[in-house]
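Undergrad: Single-letter residue listing:
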Amino acid sequence: MCGIVGLFLKDKSLEPKLGSMLSEMLISLSDRGPDSAGIAIYGAPSGNEAKITIQSAKPGRDFPGLEAELAKILGAPVTIAVKSTHAVVRTAPGKIDEAREAIQTLRPDIRIMGAGDVVEIYKEVGLPEAVVDRFDVRSMTGTHGIGHTRMATESAVTTMGAHPFSTGADQCLVHNGSLSNHNNVRRELIREGMKFETENDTEVAAAYLSSQMAHGKNLGEALEGTLSDLDGFFTFVVGTKNGFGVVRDPIACKPAVMAETDQYVAFGSEYRALTKLPGIDNARVWEPEPATVYFWEH
Amino acid sequence: MPATSKATRDQGHARVFDLDVMSLRELNQALHDLAPGSNQTAWEVLNPKGNHSVAVGVDLPVTIDVRGSVGYYCGGMNSGSTITVHGSAGPGVGENMMSGSIIIKGDASQYAGATGKGGLLVIEGNASSRCGISMKGIDIVVHGNIGHMSAFMAQSGNLVVLGDAGDALGDSIYEARLFVRGKVDSLGADCIAKEMRPEHLELLQGLLDRAGVTDVKPSEFKRYGSARTLYNFNIDNADAY
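Residue numbers (full-length UniProt numbering), protein chains in the order written: chain A, 1 to 298; chain B, 1 to 241.
Derived from the structure by calculation, the hints contain no laboratory data.
Some clues are possibly wrong.
[Said to hold, decoys possible] Below 20 Å or equal to it, Euclidean Cα-Cα: the simulated EDC-like pairs (lysine to aspartate or glutamate) are:
{"id": "1", "chain 1": "A", "residue 1": "K276", "chain 2": "B", "residue 2": "D190"}
{"id": "2", "chain 1": "A", "residue 1": "K276", "chain 2": "B", "residue 2": "D167"}
{"id": "3", "chain 1": "B", "residue 1": "K49", "chain 2": "A", "residue 2": "E260"}
{"id": "4", "chain 1": "B", "residue 1": "K49", "chain 2": "A", "residue 2": "D281"}
{"id": "5", "chain 1": "B", "residue 1": "K49", "chain 2": "A", "residue 2": "D229"}
{"id": "6", "chain 1": "B", "residue 1": "K49", "chain 2": "A", "residue 2": "E221"}
{"id": "7", "chain 1": "A", "residue 1": "K254", "chain 2": "B", "residue 2": "D20"}
{"id": "8", "chain 1": "B", "residue 1": "K105", "chain 2": "A", "residue 2": "D281"}
{"id": "9", "chain 1": "B", "residue 1": "K183", "chain 2": "A", "residue 2": "E289"}
[As the list claims (entries may be wrong)] Listed next, with one range per pair, are the computed distances between beta-carbon atoms:
{"id": "10", "chain 1": "A", "residue 1": "S13", "chain 2": "B", "residue 2": "G37", "range": "54 to 62 Å"}
{"id": "11", "chain 1": "A", "residue 1": "E197", "chain 2": "B", "residue 2": "G80", "range": "55 to 63 Å"}
{"id": "12", "chain 1": "A", "residue 1": "E129", "chain 2": "B", "residue 2": "A227", "range": "50 to 58 Å"}
{"id": "13", "chain 1": "A", "residue 1": "K83", "chain 2": "B", "residue 2": "D20", "range": "30 to 38 Å"}
[What the hints assert, rightly or not] Facing chain B, a subset of chain A residues (Cβ under 8 Å, in silico):
{"id": "14", "residue": "D249"}
{"id": "15", "residue": "P255"}
{"id": "16", "residue": "Y271"}
{"id": "17", "residue": "R272"}
{"id": "18", "residue": "T275"}
{"id": "19", "residue": "G279"}
{"id": "20", "residue": "V285"}
{"id": "21", "residue": "E287"}
{"id": "22", "residue": "P290"}
These numbers come from a predicted model, not from an experiment.
Glycine included, C-beta positions come from ideal geometry on N, C-alpha and C.
Please take these sequences and the hints and turn them into a complete structure.
TA: What follows is the structure in structure tokens.
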């Protein structure tokens, strides 16, 4: 099954509540997927820092001292905020690629969840409520975010197999469904130079979108491409630095409900994920059409 | 509404169930515990909030008003009751209904009325894909539009659509009658437009009457049904399956 949620705020006054709203949405869909859960939150851009979310199975071993060691290599200020198995590394925007490389050299067991100017990604094995509590997602603020609770079908139940998948700066994707041509697409993307960390079909979809956008397409155009280039069942919900997109395959087996008000655009695999949102009783609620791209940008 | 210590109460003639206070299982159990001849014939369900399986398997002629939107399978297997959802319905509303009626004031999601054997399902908004898939005798009236692959493998019953139909209407249809007033994006394998004879106009008028549709004439509809070329295997039809 899997459950997906997404929330794109139009009303700035809701930004302090983004984490709690998204958490409640995701928890309501727990029985759609008990294997793992994850959430990506887009915070407000500060303009002078970039973030890398990292994960370690042994945070007590990997995180201490990393801040100073990284700062020394980069020759720039670095701060690290640890949250359970995850940590957010902040440094200067121009240092992001260098920082990724340095982290992998200094601590080979650390996994990079995502990077960019604004995105933070938290994902672990377990139910949404446990994941949300562990990373204190409810207290997070931001402009938009996506979340996923996973019933594994295509690859292992591991932290890296959890969604969201992030394959480009500030880009990430959650998926309900299964792709049948992901191995072929993965081979083509590897030839282009993309790197993969799992056997997961969803990582291929994320990388496909990153590749399309790297070729100059906007989010809407990139999502259009999934309809012809990706085969299988899918409902994708995608976040970019300032955008939020949704697309379903032409058969549209996988459920999806959307709601829009003056304050927000929300997505849920089921309507019950939306029932606690403010003003939902008067929202425009609809089921996205198959093979139709929906996207919003700030 | 504030939570009360007494989870259900009688209000006027209706027994009220608040799903903010009671569990769905308690509601459905109370409905299943009803004895034939019970005077408790009017029920009201508050705060459904997209919950699944609201009022499934009801087996007596009671009326149930659901105030809000429901999730999957509302009114599934309904036998004799009249369920009105004052909101929208998720996937599989009225799946395998036997008799009675279900009225959805808003929209319905995928496979509304799937495999229904009898009764009447009215959707006052739009229905999504696969409306009436494998219907086996149910009557479905949709005021708005229906999505793709509706009435797929339909075997018996009537599907009436006041708006438009999506792609592959009636794919691999057996014997159901499909009446569509608006445009049909495409017909599925073995589904063809058919002549509207007087008996069909009469049948359709009866369905519209039962669904409370007063401003639409049967003559505005086209009828679709099975060409019956897939009944026996014929190698020339292999591409159509």
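Undergrad: Output the indices of the hints that this structure fails to meet, ascending.
TA: 1, 2, 5, 6, 7, 14 and 19
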